[in-house]
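Peer 1: Chain by chain, the residues:
2 protein chains.
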Amino acid sequence: MFTLDQVRSFVAVAEELHFGRAAERLNMTQPPLSRQIQKLEKSVGVKLVERDNRRVALTPAGTAFLEQARKVLITAEQAPQAARRIARGQAGVLRIGFTAASGFSVLGQLLADLAETAPEVDVDLREMVTSEQIAALSKDEIDVGLARPPFDSDLFDSRLLHAEPLELAVPAGHRLTELGRPVAAKDLKNVPLIMHHPSKARYFYDLSIRNVPIHHGNVVHTVSQILTMISLVAAGRGAAFVPASARKLGIDGVEHLSLEASPDNVVELHAVWNRQRFNPALRRLLTALERDASGT
Amino acid sequence: MFTLDQVRSFVAVAEELHFGRAAERLNMTQPPLSRQIQKLEKSVGVKLVERDNRRVALTPAGTAFLEQARKVLITAEQAPQAARRIARGQAGVLRIGFTAASGFSVLGQLLADLAETAPEVDVDLREMVTSEQIAALSKDEIDVGLARPPFDSDLFDSRLLHAEPLELAVPAGHRLTELGRPVAAKDLKNVPLIMHHPSKARYFYDLSIRNVPIHHGNVVHTVSQILTMISLVAAGRGAAFVPASARKLGIDGVEHLSLEASPDNVVELHAVWNRQRFNPALRRLLTALERDASGT
DNA sequence: TCTATTGATACCTGGAGGGCATCGTGTTTA
DNA sequence: TAAACACGATGCCCTCCAGGTATCAATAGA
Numbered sequence: 001m002f003t004l005d006q007v008r009s010f011v012a013v014a015e016e017l018h019f020g021r022a023a024e025r026l027n028m029t030q031p032p033l034s035r036q037i038q039k040l041e042k043s044v045g046v047k048l049v050e051r052d053n054r055r056v057a058l059t060p061a062g063t064a065f066l067e068q069a070r071k072v073l074i075t076a077e078q079a080p081q082a083a084r085r086i087a088r089g090q091a092g093v094l095r096i097g098f099t100a101a102s103g104f105s106v107l108g109q110l111l112a113d114l115a116e117t118a119p120e121v122d123v124d125l126r127e128m129v130t131s132e133q134i135a136a137l138s139k140d141e142i143d144v145g146l147a148r149p150p151f152d153s154d155l156f157d158s159r160l161l162h163a164e165p166l167e168l169a170v171p172a173g174h175r176l177t178e179l180g181r182p183v184a185a186k187d188l189k190n191v192p193l194i195m196h197h198p199s200k201a202r203y204f205y206d207l208s209i210r211n212v213p214i215h216h217g218n219v220v221h222t223v224s225q226i227l228t229m230i231s232l233v234a235a236g237r238g239a240a241f242v243p244a245s246a247r248k249l250g251i252d253g254v255e256h257l258s259l260e261a262s263p264d265n266v267v268e269l270h271a272v273w274n275r276q277r278f279n280p281a282l283r284r285l286l287t288a289l290e291r292d293a294s295g296t
Numbered sequence: 001m002f003t004l005d006q007v008r009s010f011v012a013v014a015e016e017l018h019f020g021r022a023a024e025r026l027n028m029t030q031p032p033l034s035r036q037i038q039k040l041e042k043s044v045g046v047k048l049v050e051r052d053n054r055r056v057a058l059t060p061a062g063t064a065f066l067e068q069a070r071k072v073l074i075t076a077e078q079a080p081q082a083a084r085r086i087a088r089g090q091a092g093v094l095r096i097g098f099t100a101a102s103g104f105s106v107l108g109q110l111l112a113d114l115a116e117t118a119p120e121v122d123v124d125l126r127e128m129v130t131s132e133q134i135a136a137l138s139k140d141e142i143d144v145g146l147a148r149p150p151f152d153s154d155l156f157d158s159r160l161l162h163a164e165p166l167e168l169a170v171p172a173g174h175r176l177t178e179l180g181r182p183v184a185a186k187d188l189k190n191v192p193l194i195m196h197h198p199s200k201a202r203y204f205y206d207l208s209i210r211n212v213p214i215h216h217g218n219v220v221h222t223v224s225q226i227l228t229m230i231s232l233v234a235a236g237r238g239a240a241f242v243p244a245s246a247r248k249l250g251i252d253g254v255e256h257l258s259l260e261a262s263p264d265n266v267v268e269l270h271a272v273w274n275r276q277r278f279n280p281a282l283r284r285l286l287t288a289l290e291r292d293a294s295g296t
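Going line by line, the protein sequences match chains G and C. Mapping to this note's numbering: the first sequence position 154 is 154, numbers consecutive. Mapping to this note's numbering: the second sequence position 75 is 75, numbers consecutive.
Fair warning: there could be bad hints in the mix.
Which copy is meant is left open, because identical chains are indistinguishable; a pair holds if it fits in one copy or across any two.
Unchecked claim - Each computed BS3-like pair below joins lysine-lysine, with the alpha-carbon atoms no more than 27 Å apart:
id: 1; residue 1: 47; residue 2: 71
id: 2; residue 1: 42; residue 2: 71
id: 3; residue 1: 186; residue 2: 71
id: 4; residue 1: 71; residue 2: 39
id: 5; residue 1: 47; residue 2: 139
id: 6; residue 1: 200; residue 2: 139
id: 7; residue 1: 189; residue 2: 47
id: 8; residue 1: 200; residue 2: 189
id: 9; residue 1: 200; residue 2: 248
id: 10; residue 1: 71; residue 2: 248
Everything labelled a hint here was simulated from the structure, so no lab data went into it. For clarity, every value in this text was computed on a predicted model and none was experimentally measured.
Model the full structure from these sequences, guided by the hints.
Peer 2: What follows is the structure, given as structure tokens:
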């Protein structure tokens, strides 16, 4: 097989139609150039350049090969460019795992920022719960997750994206809406509750019971998705603890009530990524987040 | 700049994700392969393969480069094929110069044969008189001409394509049409003649006066193209010596009469080409001609 | 803790590629 | 017509790089 240098030599000769000048252009002397062309012809198996002491011309095969040769050189020269752009994070694909809840809090703004700062980065969105995201990060199936802590900080790095309080979603016209103050634990004594699944939505489950002592007899449903909870609230099945941003969903028949202030009442959403597999486009995402944070 | 070998090495590593196995596939040992990858990364300017003692994986940039690398290899491997096909005469362009007169004798059959035996050969047709064809062959503007002898046999090789007698074209209803025998020189005593141009159509001019002693007083027009002659004959301006194949033109108002037999009365048409610039597709054309000749 | 695996490194060797000098041949010049 | 010239090919030498062997270093698993 021939080498790229031989191809370059051939193109120079084909363009100059003169070995001496071609050699000059290639910063070498004429003899090794002659030999390179001979080798190229041998490996292609065809005479490419017709030459005698006076005249250098391409054979028909040489003319055809010249076209191909240029194509080879161009592809070879362009090959590193895509790689470099991706390495700089200017292009490429960023696979983002997100929880349904993050979908109505930060995801929209985040995507808008990313599109502005790194328009050549394609985004691949996959909705999954936190535990699935962690697994996907380990298996290199996503580049970054929008998930709830805690994370194993040996394997994963993370950044706080968004913090908000839990609130109580109640059916419209519920008696608690007339309370005139934040809802306290004692107000919930006889209120039917739609609770988070203790393992599948462990983060919310833990957070809820840490803030409000639950009368387990009041729990009428156990679900794992915030959206499902809100639907059930709208259907009048009971009240539910949901992040403040769930207001943005604007579901009819649901009202959102603040809970009594507590330092523990903070729902956190983090961007998480695998320390070992840092996708350069991720840096762009983080830059976008920084701008976002400083802007707010 | 990187080499094709480095690209091949990278593709092997990317596919195996294991230096030892990749080296085996490349018929080499692992250490030089590691170095090739290092060099490639250095020349691309980007880390392409993430590796530690336990794990080999492509970086995002590496994934992008792999795609490009495969493209480079494919183009490089295909480059010689077109050249080889053309060298074998299986493809390419054949530029054919032809005289207007050959257009209605052999050209059609020749193109049909060529299309059958070498369908991938493209044909570039250019109408020109013999002298122009000779000049074009010298300047490598056509690959083969369909022309009249003589040719300088040092520079050009040729092959007889077609031989036919000269005939006399007369206006329909001309008194010679009632002769009932081939026209002889004496029959032309008072017939107005349309003659060939002595230099531009020298071949026909020489041939005509060699066969029939011309009364120069009878010459009413001097033209260089057979088609023009026939048109003038159809217009009743006089009679003209034209090759037998001119009958095929089927021009209304013209009748073709045989001339008295003579061994000199042979109009020859040759395929001519430059000995120094033999287009491989030409060999295909000649093969086609051979078949044609044996078939007739 | 010991061993197996695997990529990186050190060192050596053969071959490919480049440079210089020169040849062969065809063209131009005196 | 002979000498000078132009240009690609060839011979010879030298350098440098790719590849091989041996070994190291780091990690995972027993």
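Peer 1: Next step is simple, just say for each hint if it's right about the structure.
Peer 2: Taking the hints in turn, this is what the structure says about them:
In this assembly of identical chains, the alpha carbons of residue 47 and residue 71 lie at most 27 Å apart whether taken from the same copy (20 Å) or from different copies (26 Å). In the homo-oligomer, the alpha carbons of residue 42 and residue 71 lie at most 27 Å apart both inside one protomer (20 Å) and across protomers (24 Å), since each shortest distance falls under that limit. For the identical chains of this complex, residue 186 and residue 71 are neighbours neither inside a copy (77 Å) nor across copies (69 Å), given an alpha-carbon limit of 27 Å. Proximity of residue 71 and residue 39 under a CA criterion of 27 Å is satisfied in both settings, with 20 Å inside one chain copy and 24 Å between copies.
When the C-alpha separation of residue 47 and residue 139 is checked against a cutoff of 27 Å, the pair qualifies only between copies, where the shortest distance is 21 Å, while the shortest distance within a copy is 53 Å. Taking the closest pair of Cα atoms, residue 200 and residue 139 come within 27 Å of each other only inside a single copy of the chain (20 Å); across copies the shortest separation is 83 Å, beyond that limit. In this homomeric assembly, residue 189 and residue 47 never come within 27 Å of each other (Cα to Cα): the closest approach is 95 Å inside a single copy and 61 Å across copies. For a Cα distance limit of 27 Å, the shortest separation of residue 200 from residue 189 inside one copy, 26 Å, qualifies, whereas the shortest one across copies, 117 Å, does not.
In this homomeric assembly, residue 200 and residue 248 come within 27 Å of each other (Cα to Cα) only inside a single copy, at 24 Å, whereas the closest approach across copies is 91 Å. In this assembly of identical chains, the alpha carbons of residue 71 and residue 248 never lie at most 27 Å apart, being 54 Å within a copy and 48 Å across copies at closest.
Checked against the numbered hints listed earlier, the structure breaks hints 3, 7, 10; every other hint is satisfied.
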